[in-house]
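Visitor: Given only the sequences and the hints, what does the whole structure look like? Please build it.
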Amino acid sequence: MTTECERCAGTPGWEPVEADGVTRLRRCGCWTAAHASAPSVPREFREARWSTWRQTVENRHALAAAQAFLRGGEDSPDLLLCGPVGTGKTRLACTVLNESWRSGERSMAFARVPLLLYRLRPQAVLETSETFDRLAAAALVVLDDLGAERDAATDYTRRTLLMLYEARHDAGRRTAWTSNKRPSEIAAFMGDDRLSSRIVGRSEVVGVEGPDWRLENRHAPAPDRRADTGPALAGARVRGLGR
1 MTTECERCAG TPGWEPVEAD GVTRLRRCGC WTAAHASAPS VPREFREARW
51 STWRQTVENR HALAAAQAFL RGGEDSPDLL LCGPVGTGKT RLACTVLNES
101 WRSGERSMAF ARVPLLLYRL RPQAVLETSE TFDRLAAAAL VVLDDLGAER
151 DAATDYTRRT LLMLYEARHD AGRRTAWTSN KRPSEIAAFM GDDRLSSRIV
201 GRSEVVGVEG PDWRLENRHA PAPDRRADTG PALAGARVRG LGR
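The sequence shown begins at 1 in the numbering used here and counts up by one.
One or more of the hints may lead you astray.
Here are the computed distance ranges between Cβ atoms for each label pair [claimed, not checked]: (1) R202 x T23: 53 to 59 Å; (2) E185 x S40: 23 to 29 Å; (3) E185 x D75: 25 to 31 Å.
No wet-lab data here; the hints were simulated from the structure.
Computed from a predicted model, the values in this text were never measured in an experiment.
Cβ atoms here follow ideal geometry from the backbone N, Cα and C, with glycine treated the same way.
Guide: Printed below as a string of structure tokens:
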């Protein structure tokens, strides 16, 4: 929302519209643009912003790392958020995408690694190539849930993720990963330390711990959405991980 908008100057964020002699208010285009989220961000995280992340003493490290990642250039480290289920890793990564989108960046994507690997199976060559090329070229990509596949990684999994990450790194693209596994556990799951070594060597590694906020909030009262500000996420305990 901008203070210079003429359509909603009297009612900031709301544009008066007259129909059948009745004046009603609707969300102004300037508000929509300011609050838009990156298209590929999951519905659950479309309202994730710095302002909706409830900062605590325990999670300042993770928040600061995510903000530093967003500010960084192509020579800055990538980001790996790792820790138990439900501690806010995906929300924080999606916040990076949403904030980048609000700043004007449009070359970005979000992909859940297990689903991505399914889509990249070499059965539809053209579609597979287009998906791979799009993710390799995007300026900013979040690869979520690395190591969440049901079974141990196959040679296909290892080769596909390694080639994608190498293509992105060679082109100077920024990548944020999330995983429920620590780097050593990623290597064990992959049965090969090439990918985990590259991720750790190129990334700021941030451990995110705390309760499963999905379960914590399961019986909480529904948030008041009348102001369209979105629910705030309770903070997770955060600690740095060594490389």
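Visitor: Hints first: check each against the structure and report whether it holds.
Guide: Going down the list of hints, with the structure as the test:
no., hint, result
1, R202 x T23: 53 to 59 Å, "holds, 55 Å"
2, E185 x S40: 23 to 29 Å, "holds, 27 Å"
3, E185 x D75: 25 to 31 Å, "holds, 29 Å"
When the structure is compared with the earlier hints, no violation turns up for any of them.
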